[in-house]
Amino acid sequence: MRQRIRDPLHDLIEFDTERDEFEGVLWKAIQTKPFQRLRRVKQLGFSDLVYPGATHSRLAHSIGVFHTARILMEVIGRHVHKVEDSKMRQALAAALVHDLGHGPFSHAFESVGKRLGLKMADHEHVSDVLIRDSEVATVLNELGSGFANDVADIIRGRGKKNVYRAVVSSQFDADRLDYMRRDRLMTGTQHAGIDFKWLIANLQIASVPFGVDESSIGEIETFVLGPKAIFGAEAYVLGLFQLYPTVYFHKATRGAEKIFGELLYRTIMLVQDDSVSTTGLPNNHPIVRFARHPDDVESALGLDDTSVWGALPLMCEAADGAIASLAQSLRYRELGKCVDIREKVAHAIEDSGKADEEIDACCAKIKEKLTDWLGSQDANVPPIHLDEAQRSPYKLVEETQGPLDRINIYTNGGKLVDLKQRSAVVAAVKPFKLFRVYCKRSDMETQKVVDAIVDGEIGNARQ
Amino acid sequence: MRDSEKVESIIRDAGGRIVGRTKLQKVSFFLEMANLGDGFQFKYKHYGPFSEELATATEDAVALRNVSEKVCPASWGGFYSDFSLVAPEAPNGPPERLKLAKTAAEADSVELELAATALFLSDEFKDPWAETARRKPEKADGDRLSKAKELYRRLYAVVPGKLPAIV
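Listed in order, the protein sequences are those of chains A and B. Note that numbering that gives the first Met the number 0 gives residue 133 to position 134 of the first sequence, counting from 1, and the numbers run on in steps of one. Note that numbering that gives the first Met the number 0 gives residue 80 to position 81 of the second sequence, counting from 1, and the numbers run on in steps of one.
Just chain A, same shape as in the assembly (with noise of 0.2 Å):
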């Protein structure tokens, strides 16, 4: 019997549970409760505050992951003498459950976790903990004691490296060949659209060197593209750098991420404080749980996006005001009004003929002083979030950069080089970067402070 998966980008996915073992296993891990929580947690978390359609969720992904895996061994076994067939599953498995630990709005989740120190907030160590010692590493285990450690270890990084590894962690890995289609069709937006099965037939595999700092480790395998593979290059490089300042880093998306990171960060506070009953939530709501109990990795899993919806009806009548605000604030989509820095110093002083440097200079010293401004308010809520994030038009997998950190192409002379030397087109792409503050639309005080900084240091930078 063949278990199938109808999948809105990749159409039919199938376990064939009857004849392989394997894929057996597998059917029965997405069945576990770790797995199936994954259905409530969204992929791109508030995207869909912007764009409406983009409600696809992590347990969606992380089977497409899969069946892309399942695809990518093939080119690994057109390219091999013999292919390893446990390693080769190994890394199957690690496609299917490498989002396992993710929490719910996973990027602001992660940022509450970090400034409380909550490990369980973590879903790297989430999902570690999930596939070496759970009802999911009971299943895997099913392939052999120590399958589900070899899996985990796949995620992390550890242990020798090899081309089958590459499938998961790679400049052409199968989480970035799912997400960027399926996010990219589900938001509905018309840029980066990619030549998939062009990119695949092209896909080849060579050895690439990697060091640390000056010096030099070996070499290991990994996908690299077919000198005819060009155009289809340009357009995955391209198409995956376009998402972050459409999609991903969009500003009423992080906006609305900051909303719901003060808000998680005060609940957890108040509840540790003994102060739940101000908080709106009753003893027993998964969040509560996981504010009294948070390095139980069961009160993590007890956190969903359904626990953090259902909870702003409650929060919104909150004792707390600071609660009863930012609650109805995320409730409602009152988001509040973002100053793109970046963009105003840009304009600002790209008219003066400044380069790069100059603007790079320019923000660094306004959030210098934002920071400082910050310092010196006493309010229950921050009257201001400062936002930042850049993104390489390349994924970044080592500290040193070398050529795993790049997408390397065959010339028609059959030498193996950084694709920016034959394409103009990417060699030209710098990386994005923003740097935004966020502040109530109502606060006109703030805001002209925010301004006056913003305003003071662009003067200077123009002199």
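No lab work stands behind these hints, which were simulated from the structure alone. Fair warning: this is a prediction, and the values are worked out from it, not measured in the lab. Cβ coordinates follow ideal geometry from the N, Cα and C atoms, glycine included. Each hint can be trusted.
Only some residues are given here: those of chain A computed to face chain B with a beta carbon under 7 Å:
no., residue
1, G156
2, R157
3, V211
4, E213
5, I216
6, G217
7, D359
8, A360
9, A363
10, E398
11, T399
12, Q400
13, P402
Given the coordinates of chain A, assemble chain B onto it according to the supplied hints.
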């Protein structure tokens, strides 16, 4: 002290120059572990203990033109960063901090990463060196692991009693 100023302080106290992003991260890590640091929080990544705050602060320090970053090609095909102070100053931290920072900054980057990884894992593993070698077999290859242990002994000796005795 602002985070970007802490980066300047690390480079200054290491002798004015640190070659490599990995080295900068691991020098800071050793200072933190010896309670001679600047308050950066480290998390484990597959390339060893890493601080996002330090990475961001380094970018800010470069953007503010207080730290110079020269990106240089490595012989193996990658690129490494050479950090130095734009306005060189004499080191002015406590003597132990200066000695520890300088010793770490002068070490081989791979050995330093291995030593830092073993230190990070020492809370959780009885034999953190075996676990380091298991997680990073390519980097621990040959005599690198034994050289990393030697390096750790030197760092330990520089700040007696401040680092755990894991060798």
